[in-house]
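**Student:** Using the sequences and the accompanying hints, generate a full structural model.
Okay, here's what each chain looks like letter by letter:
4 protein chains.
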Amino acid sequence: MNVALIGAGRMGSIHGVNAGRHPDLRLKYVVDPRPEAAAAIGDPFGARAASLDEALTDPDVGGVLICSSTDLHLTHALAAVDAGKAIFCEKPIDLNLAKARAAQDRFADARLVLAFNRRFDPHFVALKRRVDAGEIGRLETLHLVNHDPAAPPPGFIPTSGGLFKDFTIHDLDLARWLLDEEPVEVFAAASCLVDSEIGRLGDVDTARTVLKTASGRMCVISNTRRSGYGYDQRIEAFGSRGMITAGNVADDTVQTLTDAGVSSAPIKPAFLQRYAEAYRAEMAHFADVAHGRVTSSVGYPDGVAALVLAEACDQSVRTGAVVRL
Amino acid sequence: MNVALIGAGRMGSIHGVNAGRHPDLRLKYVVDPRPEAAAAIGDPFGARAASLDEALTDPDVGGVLICSSTDLHLTHALAAVDAGKAIFCEKPIDLNLAKARAAQDRFADARLVLAFNRRFDPHFVALKRRVDAGEIGRLETLHLVNHDPAAPPPGFIPTSGGLFKDFTIHDLDLARWLLDEEPVEVFAAASCLVDSEIGRLGDVDTARTVLKTASGRMCVISNTRRSGYGYDQRIEAFGSRGMITAGNVADDTVQTLTDAGVSSAPIKPAFLQRYAEAYRAEMAHFADVAHGRVTSSVGYPDGVAALVLAEACDQSVRTGAVVRL
Amino acid sequence: MNVALIGAGRMGSIHGVNAGRHPDLRLKYVVDPRPEAAAAIGDPFGARAASLDEALTDPDVGGVLICSSTDLHLTHALAAVDAGKAIFCEKPIDLNLAKARAAQDRFADARLVLAFNRRFDPHFVALKRRVDAGEIGRLETLHLVNHDPAAPPPGFIPTSGGLFKDFTIHDLDLARWLLDEEPVEVFAAASCLVDSEIGRLGDVDTARTVLKTASGRMCVISNTRRSGYGYDQRIEAFGSRGMITAGNVADDTVQTLTDAGVSSAPIKPAFLQRYAEAYRAEMAHFADVAHGRVTSSVGYPDGVAALVLAEACDQSVRTGAVVRL
Amino acid sequence: MNVALIGAGRMGSIHGVNAGRHPDLRLKYVVDPRPEAAAAIGDPFGARAASLDEALTDPDVGGVLICSSTDLHLTHALAAVDAGKAIFCEKPIDLNLAKARAAQDRFADARLVLAFNRRFDPHFVALKRRVDAGEIGRLETLHLVNHDPAAPPPGFIPTSGGLFKDFTIHDLDLARWLLDEEPVEVFAAASCLVDSEIGRLGDVDTARTVLKTASGRMCVISNTRRSGYGYDQRIEAFGSRGMITAGNVADDTVQTLTDAGVSSAPIKPAFLQRYAEAYRAEMAHFADVAHGRVTSSVGYPDGVAALVLAEACDQSVRTGAVVRL
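Residue numbers (my numbering), protein chains in the order written: chain G, 9 to 333; chain Z, 9 to 333; chain V, 9 to 333; chain E, 9 to 333.
It is worth saying that the hints were derived from the structure and are not from the lab.
The structure presented is a predicted model; accordingly, all values stated were derived computationally and were not measured.
Beta carbons are placed, not taken as given, at the ideal position from N, Cα and C, and that holds for glycine.
The reader is advised that the hints may include incorrect statements.
Claimed, not checked - A partial selection of chain E residues facing chain V, derived with a Cβ cut-off under 7 angstroms:
(1) Arg18
(2) Leu86
(3) Ser199
(4) Met226
**Tutor:** Right, dumping it as C-alpha cells:
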C-alpha cells in the first residue's frame, strides 16, 4: 500500500522512515512546504514531494501519516477521511476539546491509528500482558513516570497546548489503557520549577496528577519537563496480589566497580532512543489496520477521551480543586 | 544510664531489647500490666517488672521508653517530663491535634526522641546525605512509597486513628525531613480496595497524597494496607540535576535463571526485618540525647507537625478538596 | 559499492540483509547452489543469484561476504583476494592451522574483516573503552562466559572443527583483543556433560580454559553447548583498581513482585537476538574498510592467532597438560 | 554451656562476641598472653583471662573456640579433644597435610566445627538449597569468586601457608560442599601481579584454579589478594536446566542518576561486614553441636580434604602441570 507522509519534521522523519522500511507499506509522497526536508526523508525510499491535494487525490495512495503541526492534525485527518484513506495521526488529535468532539462522528468508520506510542512499547506491552494475565490479581493502582530530559525552548510553549495536552496526554492515555476504566475524578498539582520563562508564558513544567475511577482505583502521574538524568519512562502497577513494574532502559550493561562504588550507563536520553521499537511497532499496527487485517487498537475516541482528561488537569490547576467528570 | 520500658507489646519488645543491648543504657524496669510480657523482655537483661510510679520516682532511672498504647503516649510522656526523665516515645504523640498542641510547651526543654524510625534507616540516611550534598542539585519533588504487606485485623482500626494518623504519618514526617520546608497544601485521594470491613468502620486502606510547599515543591505519598508482595519502602528524590532513589531490600542476593526467566528472593516481609537497623540506630540516638551529647533530631514539634498534616489528609478525603494550611 | 554474498545459509541471511540495508553497500549478487535460498535473501534488495565466477569477475563488485561452509572459507577468501575484492569473512578462517598459516602472506594487503562479531557488540565495546581509559588501572585478569542455549544436533559436530575451533574461538579472540598481549600458556579442561553423542563423536561440550600471558596476566573462558537459560554472554575484567563487567541483556525490563519473590524476563535466547547490533556494526566496519576509509580492526592474522590458541586448547585436552606456545 | 576462647586476635574478637551473645553459650575464659586483648573481649561478658590449662581443666567448661595462630590450631585442638571439650576451630586445621592426617583418628568422636564460614552465609545457603532442590537440574559446573579487597602486609606471608592454604582453602571447601563429589584433578595457574614483595617471599597473589571430579564436573576458582573494589564473594552454579548465582552485598540500596549515568554504593569492604551473619550462624551451629543437638556439618575430615586440594594447587603451580589425586 502506498502512503503519503504529511509533515517532514521531527516526528515525520521517524514515521516516514518506519513506513518506508515496512514490507507492507511504500512511501510514495512527502508533503511539506520545505522541499529539502521532504527530500531528506523521501529520497532513500524513492518517495517524492507532493502537495496535499495531489497525495489525497491519488487513488494509488491508501493511507496518510499525519505529522503536521498540532493545529493542523484535525484538518488533515478530516481531509484524509473524506478521501477514504487510512490514517496514522500524531497526537493530540486537536488542542480544542469541543472541536475534537464535534468532528468525532466523521471518523466513526475510519481506519485510524492515533500515535499514542507508549501503547506499543515492548516493555509496557509486556507489563500489560502480565497484568491482564492476572499475575498480581486485580489491578488497583498505577504510578506512571514520564520525565522529559530537558525543557523545550520557551518558543515551543505558546503553541504546545501546555504541559497536560502536549505531554501528560500520553500518560492519561496509558492510564485509560491499563485501568480499562474511565477516571471520574482528576486532581492536578503543578509548579514552575524548571524554567521561570515557562511560567511567564502561563504554563507549568512540573506536575503530579491523581486520577480516580468510579470503583475507587487510582493512578498517579509524575511529570517534569527536565529530569537532568535522561528520559525517565516507568510504570508501576499494583494489584491485590503484587506489583508489576516496567523500568528504564540503559545504554549498555557495563558496570564499573571501584572502591568508590558501582557506576553504570545513563538511561536512554530521549524519546528517539527509548521508543525506537515502539515507533516501529505502531507503524506495523497501522499497516495491519490500513490493510483491514485488524481494527485499530487506539482510535479517534481515545484521542478525545485523553483530551477530556487533559482539560480536566488544566482546570484542576487553574481552580486548585478536584474536577469531577 | 538506667531506663524503664513502658509497654511490653510489639514495639516495646523491639525497643526494650535494643536498649538492653546498648552499651550506654541499662534496662532496669519494664512497666506493663501483664507480668509475663514484662518478664519476657526484661529477664534477659536483669530488668524487673515495676509500676509506672516506681519507675518514674526512682532517681537512678534517667530515661523512659514509651511504647504504651497510642492513647496513653501523651499521658506517659507528660509524667516522664515532669519526673525529669529523658524520653523515647513511639509515634504518634497523640491522635488529637488540639491536645498535642496544648501540651507542646511542657516539652520545650525535654530530651525527647520521637520514634519516626525511617529517619534512622541507613538507606534513607544515605539518600538524604546525597541529596544534602547537592548530588542532584536543588531538590524539587519526592515520591514516597509505604505499602504494608497485609491489612491489620479490623479490630485494630477503631483505635488506630485511621490510615493517615497511624500509617501515613511516617511519610508525612519523611516529607518534612527531606524537603526541609513545610507543606502548605494537602490533597489526599483514598479508597477502600483491600478490605470492605475497613470501609464499614469509616477508614480507608489505599491512598495517594500530594503535598505542596510554598516554593512549589511537591511530594507524592503512596500508601496501601496490603501490598501482596512484602513491605514496600522506597524513596525517589528528584532534583534539578538528577534523581536519587532508595529501594527495597531483598532477603538474599540469589538469582535463578532458567528458560522461564530470572527469579530472586522477595523483599523484606515486614517492618521488623526491614527496619531492624533503623530501630537500633534510633535507640543509639536516644542514648546520645539522654546523655546530653547531642540534641534530639526529631522531637515533640515534629510529632505535632506530622499530626497537622495527617489531619489535613483526613479533611481532604472527607471534603474531597485541597486543604490549605 | 556493490557486494556479493557467498552462501545463503543462516549467517548469510544475517550479513546479506545488513549489507542490503547499509547506505554505502549494495547487495548485487547472492551465490548459493540453492536458488530459493539465494532469492529469499536477495530479492528484497534487487540482488540476483549468480555463480561465484560471475560475482568475482564483475568489475562493479567491490566486495564479497563469505558465509559459505567453514571448509570453503579459505578457498573463497583466496579467490576474492586474487580478484581484488574487499572481503568480509565468517570465522574461522579455516580449521587447519597449517593451511591457514601457509596462506597468510597472500592477504598481506587485503582489505579483510574477519567476523569476530563480539568485538563489535556495543556492551563489549563500552567495556573495552572503559578498560582502555584506565578506569580500573592496569588490566590483570579476565573472565569470559560464552554459553550456548542448546546443543547443536550431533550431525553438526563432525564438520564443526570441535568446540574450541568452532565456539571457543570467539573467546580466544576476545581475550587477545582485551589483553592486548599474546597468551603463552594454555590449559583447557573439558567434559562431555550435555550430550553423550557429542562425546561419542570425539568432541566435548563443556570446557574451562585458562590462558596466561608472558607478563602473568590470566584469562578464564567458560563454555558450554547448553546453558538451559538462554545465551549467556558476559565479560568480567579485573584491574589493579577495580572490575568492569558487561552483562546479559534481558528481553524487557518488566519485574513482577509477589510474596513468592521477584521474577523477570529471560536473557536473550540466542545469537541472533543478542548480537543483532554487533552484526550491523561489523558490516558498517566492513563498509568503511572496503571504501578505504579505515584499516580493518580484525584481519587475517587475528584469525590465525585465534586458531593457534584453539589448537592449543585441543592439545591440552588431549594430553591433559599445559601447552606452552 | 561455658566456653573458653583461645586467642584474642581478630578472629577471636568476632567469635568471642558471638559466643558471648548466644543464648546457649556463656563466655567464661579468654586465653591469650596479652591481658588487655583478653579483657577487651571478655569484660563485656564477665569472662576472665585464664591460662590454657585452667580453661581445659575446668569441668564447667564444655567447649573451646580455637582462634590462636594457625601453627597452634592443631595443638590446641588436640588438647581440647583430650579434655573432652566441644571444639570450634578456625581454619586451616594445620598447614602440614601429613601432620593433619596423622591426627585425624583422634577426632573421630569429637564434636568439632571447623570455621569454614562461607557454608553458613545466608546467600550461599540459599543458593545451595535451590541447587539441592533441583531448580537447575543436575549441577554441572561452578564458578567461585573470592577476591580480597587489599593485599596483606608482606610480613603476613611467610607464616600464612601461602595463597592456597590460607585463602583459596575456603573456596576448595565450598567446591566440595556444593559439588558433593571429590575433585580428582587440580590445575592452578598463578601470578604475582599485586605486590612483587609477595613474589619475592615465594608466594603468589593472583590465581585461577580448575577442579575436575571423576564424573567430569568442573569448578573454577578466581582469587586475588587485592580487588581494588571491595570484598568480591560470589558463586555461580550451572546445571542442566539453568544457572543460580549468589552475588555481592552492597552497603545500601541508594542509586544516583544523572546525565553521567547511574552510581550506587560499593560492595561490602571486607570479611567482617560481608560475613557478619555467617559468623553468627556458624557459632549457632557450634552451640547446637556442642549441646549434642545435631552432628557437625563441617568437621575435621573436611579440613583435611580441603588441605589435600590446597597442596595440590601448590604442586600444580610449582610444576606447571595438572595434579591427579
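**Student:** Confirm or reject each hint.
**Tutor:** Here's how the hints hold up against the structure:
Because the closest C-beta pair between E:Arg18 and chain V is about 26 angstroms apart, greater than 7 angstroms, the hint is violated. Below 7 angstroms, beta-carbon pairs count as interface contacts, and E:Leu86 has none with chain V, the closest being about 38 angstroms; its hint is therefore violated. Interface hint status for E:Ser199: upheld, as the beta-carbon distance to the closest one in chain V is roughly 3 angstroms, under 7 angstroms. The interface hint given for E:Met226 is met, as the beta carbon of that residue sits about 5 angstroms from the closest beta carbon of chain V, less than 7 angstroms.
In the structure shown, a violation is registered for the earlier hints numbered 1, 2, in ascending order.
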